[in-house]
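J.: Letter by letter, the chains look like this.
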Amino acid sequence: MSALKIKKGSTSHSAYNLRPNYSDTIERHTLAVLVENEPGVLARVIGLFSGRGYNIDSLTVAEVDHLGHRSRITIVTTGTPQVIEQIKAQLGRIVDVHKVNDLTVEGPSVERELALFKVVGTGDHRIEAIRLADIFRASVVDSTLESFVFEITGTSEKIDAFAELMQPLGLEEIARTGIAALARGHDS
Amino acid sequence: MTKAMTGAKMVVQALIDQGVDVVFGYPGGAVLPIYDEIFQQNSIKHVLVRHEQGAVHAAEGYARATGKPGVALVTSGPGATNAVTGLTDALMDSIPLIVLTGQVPTFMIGSDAFQEADTVGITRPCTKHNWLVKETDKLATTLHEAFHVATSGRPGPVLIDIPKDVQFATGTYTEAQQVETHYNPQVKGDMEMITELARAMETAKKPVFYTGGGVINSGPKASQLLRELVAATGFPITSTLMGLGCYPASGDNWLGMLGMHGLYEANMAMHDCDLMINIGARFDDRITGRIDAFSPGSTKAHIDIDASSINKVIHVDIPILGDVAHVLEDLLKVWKERGAKTDKEGLNNWWSQINDWRKIDCLKFKQEGNVIKPQYALERLEALTKKHDRYICTEVGQHQMWAAQYLGFEDPNRWMTSGGLGTMGYGFPASIGVQMGHPDALVINVAGEASWLMNMQEMGTAMQYRLPVKQFILNNERLGMVRQWQELLHGERYSSSWSESLPDFVKLAEAFGAKGIQCHDPETLDDAIMEMITYDGPVLFDCLVEKHENCFPMIPSGKAHNEMLLGDADTSDAIQAGGAVLV
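Order-wise, the sequence lines are chains A and B.
If you're matching positions, the first sequence starts at 1 in the working numbering and goes up one per residue.
If you're matching positions, the second sequence starts at 1 in the working numbering and goes up one per residue.
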C-alpha cells in the first residue's frame, strides 16, 4: 500500500477526531508517537497493544532528541476505523506520550525501511546477486569470496521484492529495521 | 531553596507537603528506612493493616469518601504483588491512589534477590503510571509528580518503586512547586459541541441524564451543577452504580440506578429516550446490555475527560472532551443564554410515560413468614440510618445490587463499592479507610458472608485503631450471585456456590474483641440494627436471610434494556446460548 493514499472510509484528520464516520473496512495506519524517553515507555506502548488485542505490523523506536529526552516510536497497525481511533486515544492517555500523529490520514508522508541481506554463493548466483543489487540500489557493506551483505533502503514493498529475488540466489539471513516515517512538507 | 535529606525522609516530607494525613501500610525489609522515618514524626498517621490488599482497598475507601488521594505503603516482592488487586480495582474505578513499594537495592535488581519482584513490570498494566526511582535526587520530584498524575485528568492509581539504597542515600529535596510536568489534560469542553448539546436539549421530547462516577470524581461542584441543571431543565436522571449520590435519591427527577440490576423505569427511559446525555459514565457492558439494541432511537451526547472512553463502545453524536464540572458550568451558561428553553409538552408526555413505568414498582417484594428477606433487611437499614450522614461500603454480589437498589444516597462520596473490577473483599478494608477519613461518621459495610471472609483479617485493624465500622452481613450461606446465575444459566447445578463450614460470626467478632450480633427474626431486626448503630466500636452483624432469593430486576446477558426480568416467574429460558457466554 502506498503511504500517500488516504484510505476510503477514514474521515478523521487528527488523532482526536471524536466524530469519526466508522466503517468495517480493515485499514493500515502508520502512527508516529513522540514519547518521553523513560525506562519502560516502550513496554507501556507494546503492553497497550497486547493487552487490548490490537495488531502491530511494524514498530521502530529510537531517541530523536537527546537534550529534550524524546524518543519517536513509529507503529504500523491494522484495524477498523473505530479500532484505529481507539488505539490513538489509548496511546494519547499514556502519561509518557507527548503526541500521537496518524501519518496515514494527516496528509502525505514518506515511509522508509532499511534492511541488511546476507547472500551466500559462488559463480553465476553471485554474479546475478550483485546485478540485482545494483538494480535495487542496494550497496555491498561486507564481502567475502562466498558471501555479500547488502544494505538496502526503501519502502517495505521494495524490500519484500528484493528478498523474493534473492531467495534462490543464496539468501541466508535478513535484518529489517521496521518502518520510519515522516509527514511530507514543512509541517511537523 | 534546597534541602539535603535521605530518601526515606524525602518520602515522609513529600507526603506531608502534599497534605497527606494518613497512610495505610504494612512494613517489610525493603521499606524499613521509611518506617523508621514514620516512627520519628507525628504529622502522618500510619494505619497498620493485616494484608497489603487491605491497605490498598482502605486507601481507596479513604480517597472515595474524602475526595483526596489515598496513600498506601508496602514492602517489595509479596508486599507489592498483594497490592495488585487493589491497584487494578482503583484503575477500573478511577480512584486516585499513591502506592509506595519498597524494592531491593539497585545493585541487586535483576539478581532474583530475596523478596524481589519486577514491581513496575507487574503493575504497569494496572496503574495509571508507575516509576522505579534509582536516584535519591529524583525521588522528591517523582513523589510530587505522582500526586499530580494520580489526581489530574481521569484519576487513577500510581505506584512508586523505591529501592532500599535509594531510601538510605542522601539527596536534594525538591519542593512541590518546583516540579514541572507536561501532563495537563484538557478540562474545558469545546464550546461548539456544548452549544450543540444545549440546542438538542431545547427540542428533546424524551431526554434522560445518564450520569456516572465521573461526576463524583470531578468533585462536589460537579454534583452541585448537575443538580442545578436537572432542576432547571426538569429532565429525568439516572445513574450508574458508580455515580450514586451525585443526584439525591430523594430528588423528584431521580429514576434510580440503571443497568443489569437497575430499575425498570431507568432502563426503559434509557431505551426509549430521544436524547441521552451521558455525563461521566462509560457505556460499560453492565449498563448497555446488548449493544446493537442499546437505546436505538436516541441522539447521544457524552461528556468525558478521557478521549478513549468516547466512541469506545457506543458511537455518540455529540462528544464533549472535558471535566464534568467545567463542562456543566459552560453548558448551564450556554443553555440559559439561549433562553433556557425546553419542549414542555414533550416533557410532560415523557414524564407521564415514566410514571406509568414507575407503577410497575419493580423493587416490590413480600416480607412474610419468619425468615428475613435480604431486601427487607436493607429496607430497615435504610429507614433506621437515614437520618445519619452515613457512609456505605459494599462487597460484591447480590447484596451489593440490593444495597444500590434499596439504600438512598443524598450526596456524593457516601457510597464506596467496587464497580469495574467487582472485587470481593473490597468493602471491609474500604470501610476502614472511610472511617479514618471521617472518624465520627456512621460507616456501614453491607456485605455477603463469602465476600466478607475474603479480607476478614482486617478485624484486627478495626480493633487496633478503634474504628467503629459496622459490618452488616447478609448471610445466605451461598455465593448468591453465582448461585443465581447457575439457576438461570446452568440448569440449577450449584457447583461450589455454597458457603460451607462458616464460622460463628458472633464468636469470631468476640475473638477479636469486637461486638457480634446475630439476627434471624424479622420481628427483632429493628432492635438488632439499632443495637449495631449505637454500639461504640466495630460490630459484626450476622443477618441470616432467605437463602434462595434472586436479585431483580435483571437484564439477562445478551438482552436489551426493554427485555428485563422482573421476578422469578419470568426466568424460564430467559437466557439463550449467545447470552450464556457473556459474563
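No wet-lab data here; the hints were simulated from the structure.
Be aware that one or more of the hints could be misleading.
[As the list claims (entries may be wrong)] Here are the simulated distance ranges between beta carbons: (1) B/GLN40 x A/LYS99: 43 to 49 Å; (2) B/PHE107 x A/VAL140: 44 to 50 Å; (3) A/GLY53 x B/GLY297: 28 to 34 Å; (4) B/SER250 x A/LYS99: 54 to 60 Å; (5) B/GLY29 x A/VAL64: 27 to 33 Å; (6) A/VAL141 x B/MET191: 54 to 60 Å; (7) A/ARG70 x B/SER250: 37 to 43 Å; (8) A/THR155 x B/GLU563: 50 to 56 Å; (9) A/ARG70 x B/ARG199: 38 to 44 Å; (10) B/ILE291 x A/GLU173: 43 to 49 Å; (11) B/SER499 x A/LYS99: 51 to 57 Å; (12) A/ASP24 x B/GLU202: 32 to 38 Å; (13) B/GLU180 x A/GLN167: 49 to 55 Å; (14) A/GLY40 x B/ALA4: 25 to 31 Å.
[Unchecked claim] Restricting the straight-line Cα-Cα distance to at most 30 Å, the calculated cross-link-like pairs of lysine-lysine (DSBU-like) are: (15) B/LYS221 x B/LYS312; (16) B/LYS547 x B/LYS373; (17) B/LYS68 x B/LYS188; (18) B/LYS359 x B/LYS547; (19) B/LYS341 x B/LYS300; (20) B/LYS134 x B/LYS188; (21) B/LYS312 x A/LYS99; (22) B/LYS45 x B/LYS138; (23) B/LYS507 x A/LYS99; (24) A/LYS99 x B/LYS138; (25) B/LYS45 x A/LYS99; (26) B/LYS344 x B/LYS300; (27) B/LYS188 x A/LYS99; (28) B/LYS386 x B/LYS221; (29) B/LYS366 x B/LYS344.
Backbone N, C-alpha and C define an ideal beta-carbon position, used for all residues, glycine too.
J.: All hints are to be evaluated individually against the structure, with a verdict given for each.
T.: To see whether the hints hold, each was checked on the structure:
Against the hinted window of 43 to 49 Å, the Cβ-Cβ separation of B/GLN40 and A/LYS99 comes to about 45 Å, which satisfies the hint. For the hinted restraint 44 to 50 Å between B/PHE107 and A/VAL140, the CB-CB distance of approximately 45 Å keeps it satisfied. For the pair A/GLY53 and B/GLY297, the supplied restraint of 28 to 34 Å holds, since their beta-carbon distance comes to about 31 Å. For B/SER250 and A/LYS99, the hinted distance range of 54 to 60 Å is not satisfied, since their beta carbons lie about 47 Å from each other.
In this structure the supplied range 27 to 33 Å is violated for B/GLY29 paired with A/VAL64, their Cβ-Cβ distance being about 41 Å. For A/VAL141 and B/MET191, the hinted distance range of 54 to 60 Å is satisfied, since their beta carbons lie about 57 Å from each other. Under the hint 37 to 43 Å, the C-beta atoms of A/ARG70 and B/SER250, about 53 Å apart, miss the expected range. At roughly 52 Å, the beta carbons of A/THR155 and B/GLU563 sit within the given window of 50 to 56 Å.
The beta-carbon spacing between A/ARG70 and B/ARG199, approximately 42 Å, falls within the hinted interval of 38 to 44 Å. A hinted range of 43 to 49 Å holds for the C-beta pair B/ILE291 and A/GLU173, which are about 48 Å apart. Under the hint 51 to 57 Å, the C-beta atoms of B/SER499 and A/LYS99, about 53 Å apart, fit the expected range. About 35 Å separates the C-beta atoms of A/ASP24 and B/GLU202, a value consistent with the hinted range of 32 to 38 Å.
Against the hinted window of 49 to 55 Å, the Cβ-Cβ separation of B/GLU180 and A/GLN167 comes to about 54 Å, which satisfies the hint. Taking the beta carbon of each, A/GLY40 and B/ALA4 are about 29 Å apart, inside 25 to 31 Å as hinted. A distance of roughly 27 Å separates the Cα atoms of B/LYS221 and B/LYS312; the hinted pair therefore holds under the 30 Å criterion. At most 30 Å may separate the alpha-carbon atoms for a hinted pair to count; B/LYS547 and B/LYS373 meet this at roughly 9 Å.
For the proposed pair B/LYS68 and B/LYS188, the alpha carbon gap of about 22 Å is at most 30 Å, so the pair holds. Under the criterion of a C-alpha separation no larger than 30 Å, the hint pairing B/LYS359 with B/LYS547 is consistent with the structure, at around 28 Å. Annotation: proposed proximity of B/LYS341 to B/LYS300 holds, straight-line Cα distance about 19 Å (limit 30 Å). For the suggested pair B/LYS134 and B/LYS188, the alpha carbons sit about 37 Å apart, so the restraint of at most 30 Å is broken.
The hinted pair formed by B/LYS312 and A/LYS99 meets the criterion: a straight-line CA distance of about 20 Å does not exceed 30 Å. For the suggested pair B/LYS45 and B/LYS138, the alpha carbons sit about 25 Å apart, so the restraint of at most 30 Å is met. A C-alpha spacing of about 59 Å is found between B/LYS507 and A/LYS99, which places the hinted pair above 30 Å, so the restraint is violated. Straight-line distance between C-alpha atoms of A/LYS99 and B/LYS138 comes to about 25 Å, which keeps the hinted pair within the 30 Å bound.
This hinted pair does not check out: B/LYS45 and A/LYS99 have alpha carbons roughly 41 Å apart, beyond 30 Å. Restraint check: the Cα-Cα separation between B/LYS344 and B/LYS300 comes to about 20 Å, which is no more than 30 Å; the hinted pair holds. At roughly 19 Å between alpha-carbon atoms, B/LYS188 and A/LYS99 fall within 30 Å of each other, so this suggested pair holds. The suggested pairing of B/LYS386 with B/LYS221 holds, with an alpha-carbon distance near 23 Å, which does not exceed 30 Å.
About 38 Å separates the Cα atoms of B/LYS366 and B/LYS344, which puts this hinted pair outside 30 Å; it is violated.
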